[in-house]
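Novice: Got chain A; can you put chain B on it based on the hints?
Each protein sequence line maps, in turn, to chains A and B.
Just so you know, the first sequence maps onto residues 1 to 356 in this note's numbering.
Just so you know, the second sequence maps onto residues 1 to 356 in this note's numbering.
FYI, nobody ran anything at the bench for these hints, they're computed from the structure.
It is possible that part of the hints are untrue.
No distinction is drawn between identical chains; accordingly, a pair holds when it is met within one copy or between any pair of copies.
What the hints assert, rightly or not - As a list, the in silico DSS-like pairs of lysine-lysine whose alpha-carbon atoms are at most 30 Å apart:
1. K164 / K341
2. K100 / K164
3. K311 / K164
4. K312 / K227
5. K55 / K140
6. K164 / K53
7. K353 / K341
8. K312 / K44
9. K341 / K312
This is what each chain is made of:
Protein chains: 2
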Amino acid sequence: MKFAPLQNDRMIKALLRLPTDTTPVWIMRQAGRYLPEYREIRKKAGGFLDLCKNKELACEVTLQPLRRFDLDAAILFSDILTIPDAMGLGLYFSEGDGPKFERPVRCERDVDQLGVPDPSETLRYVTDAVTLIRQELNGKVPLIGFSGSPWTLATYTVEGGSSKDYRYVKGMLYENPAAMHRLLDKLAQSVVLYLNAQIEAGAQAVMIFDTWGGVLSPEAYLEFSLKYMQQIVSQLKRNHDGQRIPVTLFTKGGAQWIEATADTGCDAIGLDWTININEARQRVGNKVALQGNLDPCTLYALPDTIRTAVKKILADFGSGPGHVFNLGHGIHPSINPDHLKVVVDTVHEYGYKIRQ
Amino acid sequence: MKFAPLQNDRMIKALLRLPTDTTPVWIMRQAGRYLPEYREIRKKAGGFLDLCKNKELACEVTLQPLRRFDLDAAILFSDILTIPDAMGLGLYFSEGDGPKFERPVRCERDVDQLGVPDPSETLRYVTDAVTLIRQELNGKVPLIGFSGSPWTLATYTVEGGSSKDYRYVKGMLYENPAAMHRLLDKLAQSVVLYLNAQIEAGAQAVMIFDTWGGVLSPEAYLEFSLKYMQQIVSQLKRNHDGQRIPVTLFTKGGAQWIEATADTGCDAIGLDWTININEARQRVGNKVALQGNLDPCTLYALPDTIRTAVKKILADFGSGPGHVFNLGHGIHPSINPDHLKVVVDTVHEYGYKIRQ
Numbered sequence: 001m002k003f004a005p006l007q008n009d010r011m012i013k014a015l016l017r018l019p020t021d022t023t024p025v026w027i028m029r030q031a032g033r034y035l036p037e038y039r040e041i042r043k044k045a046g047g048f049l050d051l052c053k054n055k056e057l058a059c060e061v062t063l064q065p066l067r068r069f070d071l072d073a074a075i076l077f078s079d080i081l082t083i084p085d086a087m088g089l090g091l092y093f094s095e096g097d098g099p100k101f102e103r104p105v106r107c108e109r110d111v112d113q114l115g116v117p118d119p120s121e122t123l124r125y126v127t128d129a130v131t132l133i134r135q136e137l138n139g140k141v142p143l144i145g146f147s148g149s150p151w152t153l154a155t156y157t158v159e160g161g162s163s164k165d166y167r168y169v170k171g172m173l174y175e176n177p178a179a180m181h182r183l184l185d186k187l188a189q190s191v192v193l194y195l196n197a198q199i200e201a202g203a204q205a206v207m208i209f210d211t212w213g214g215v216l217s218p219e220a221y222l223e224f225s226l227k228y229m230q231q232i233v234s235q236l237k238r239n240h241d242g243q244r245i246p247v248t249l250f251t252k253g254g255a256q257w258i259e260a261t262a263d264t265g266c267d268a269i270g271l272d273w274t275i276n277i278n279e280a281r282q283r284v285g286n287k288v289a290l291q292g293n294l295d296p297c298t299l300y301a302l303p304d305t306i307r308t309a310v311k312k313i314l315a316d317f318g319s320g321p322g323h324v325f326n327l328g329h330g331i332h333p334s335i336n337p338d339h340l341k342v343v344v345d346t347v348h349e350y351g352y353k354i355r356q
Numbered sequence: 001m002k003f004a005p006l007q008n009d010r011m012i013k014a015l016l017r018l019p020t021d022t023t024p025v026w027i028m029r030q031a032g033r034y035l036p037e038y039r040e041i042r043k044k045a046g047g048f049l050d051l052c053k054n055k056e057l058a059c060e061v062t063l064q065p066l067r068r069f070d071l072d073a074a075i076l077f078s079d080i081l082t083i084p085d086a087m088g089l090g091l092y093f094s095e096g097d098g099p100k101f102e103r104p105v106r107c108e109r110d111v112d113q114l115g116v117p118d119p120s121e122t123l124r125y126v127t128d129a130v131t132l133i134r135q136e137l138n139g140k141v142p143l144i145g146f147s148g149s150p151w152t153l154a155t156y157t158v159e160g161g162s163s164k165d166y167r168y169v170k171g172m173l174y175e176n177p178a179a180m181h182r183l184l185d186k187l188a189q190s191v192v193l194y195l196n197a198q199i200e201a202g203a204q205a206v207m208i209f210d211t212w213g214g215v216l217s218p219e220a221y222l223e224f225s226l227k228y229m230q231q232i233v234s235q236l237k238r239n240h241d242g243q244r245i246p247v248t249l250f251t252k253g254g255a256q257w258i259e260a261t262a263d264t265g266c267d268a269i270g271l272d273w274t275i276n277i278n279e280a281r282q283r284v285g286n287k288v289a290l291q292g293n294l295d296p297c298t299l300y301a302l303p304d305t306i307r308t309a310v311k312k313i314l315a316d317f318g319s320g321p322g323h324v325f326n327l328g329h330g331i332h333p334s335i336n337p338d339h340l341k342v343v344v345d346t347v348h349e350y351g352y353k354i355r356q
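Isolated chain A (complex conformation) (with noise of 0.2 Å):
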């Protein structure tokens, strides 16, 4: 498959830290329920799930927030769930709930029967997408993909959804370390043979979300998450079609462990906004690329106040490469869409500024 050259490559050398004419910027969630345009195709769609696993509509989110807003990136619209949903658990969306679980693994014996599926086969939606995400993106700007991390994806199907006590998955990691390493390690090969297929079908950069590494305490954050997340890291394909391919990793509630983090030789951080980014760049010195972190929540305030909160991060970095701007988690399904424009141009504008 050949694509179009790429027009806008500040993302991918920001990740790589070399230097480039302004800061680039994208937001976890671009597409999605705070755009009225996403809003209708999703009725459209039908369930998420739908609107995930039919590529015409899911490229056509994905390009969406790029004819609003100066991003320098695309994400593919997708969901983290995907691996465990093509192990066969049932992956379904109850209104309000979130994803949930048909068929949860809850022992040993529900771990030994998953299979590490084939992407070529049950997440063939996915790399199609990929593909025409990145014929129609024709070059404007790179395409990412992602995964959720292995121990991300563990909470989900051993809990059966979303989880306010992790009661079942940390039942097991205490109680059978050695089963939940087996589930981990399967997940990982999983999550290894998702991303690769990613990039062979156009995904230029990958990022593998840890939603729920916080929630571990921090000997269990290195055996049990980041542990996986770097057994990735070292099988990805880090080049393809002569060009490097960069991995971010991003823990929600992570901050704590950047060091080890940034020794996984991973390319890049993504950083939640509890950690002020001057810091966490002190602590990782120059192994890393990090991304982040304004707090969500500054987008329901107003445009000067958006504008001081993105300049304070922007010049807490400096001028130095190896920033992708980016807000700490994805943007809220009520914020004004016109306030996402302000970050996106405020970047642009002061991260020129800061490097004249």
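Specialist: What follows is chain B alone, placed relative to chain A:
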């Protein structure tokens, strides 16, 4: 009011960083739903608030865990939201949804109309319960009083209940920081009066729970949460009835900021389980005692696993003074009470051993 002399002062001593024969232990939510005898009384009382507001029943459930376990402290059975309830916001509990307020504080005018409750009037039911519990304890172990932190009270007050996105309270924080500061100042004044009233009524130590400080950025945490806890610490009666009254601050998700917390003048910091207690001890030095910090989910495991995890925390802290053992958050409702007995007994046995 004359109370019986304190027989077991291990916890008070440890909070003041004085040597003890073994490590003291109490458990957040030790009077709670995991105990069948609690569920019995709760059913009899009607709602949760009815139980808090009936001093005999509140006393009974406070004492229940002490009959089962060799705990080194009792903690007043109450709710963190008594202050906004006394402000007239109409606290109620809806099944499954947690605490709610009938009249949330949404704008500057709402803030300005709030009064600072006189604890001898609207919060009398709390201080009456404190005195009764202290009498019934008869010097066995010390009684801990507590309050929510101003920021945590503000989150419920402004959101009108629990929140996933903190839309309204952070909206006010970012857009109208002056109004947020006025709200926090009123809440801080209220907490000072409330905790001092608990001390006068018989509380021998006090703790401030900042359950939601961890959802803030570092700058916002210092300005909107820690600042007000410090204000409270400086205005509490630290000596009463010839005894020093230790103050503990606990911010869930606040492990990144313990150096600043240690500088508030508090006696102890409560740690959640996302930080190694040895690292915490290194970082705060000899300024404060530390309370914590077993992952509450460890109690889903079997006794041998629990013992190993408890011993690890005791060994990590070491044999020096200033450790009060606790979970990193409240005990979950579905925990087997026998597993808590394993925790308590292991703390005492192993805590004694490491001091030899």
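Novice: Next step is simple, just say for each hint if it's right about the structure.
Specialist: Hints, verified against the model:
no.: 1; hint: K164 / K341; in the structure: between (34 Å within a copy, 24 Å between copies)
no.: 2; hint: K100 / K164; in the structure: both (14 Å within a copy, 18 Å between copies)
no.: 3; hint: K311 / K164; in the structure: between (35 Å within a copy, 27 Å between copies)
no.: 4; hint: K312 / K227; in the structure: between (33 Å within a copy, 21 Å between copies)
no.: 5; hint: K55 / K140; in the structure: within (19 Å within a copy, 68 Å between copies)
no.: 6; hint: K164 / K53; in the structure: both (28 Å within a copy, 28 Å between copies)
no.: 7; hint: K353 / K341; in the structure: within (18 Å within a copy, 62 Å between copies)
no.: 8; hint: K312 / K44; in the structure: neither (40 Å within a copy, 55 Å between copies)
no.: 9; hint: K341 / K312; in the structure: within (17 Å within a copy, 50 Å between copies)
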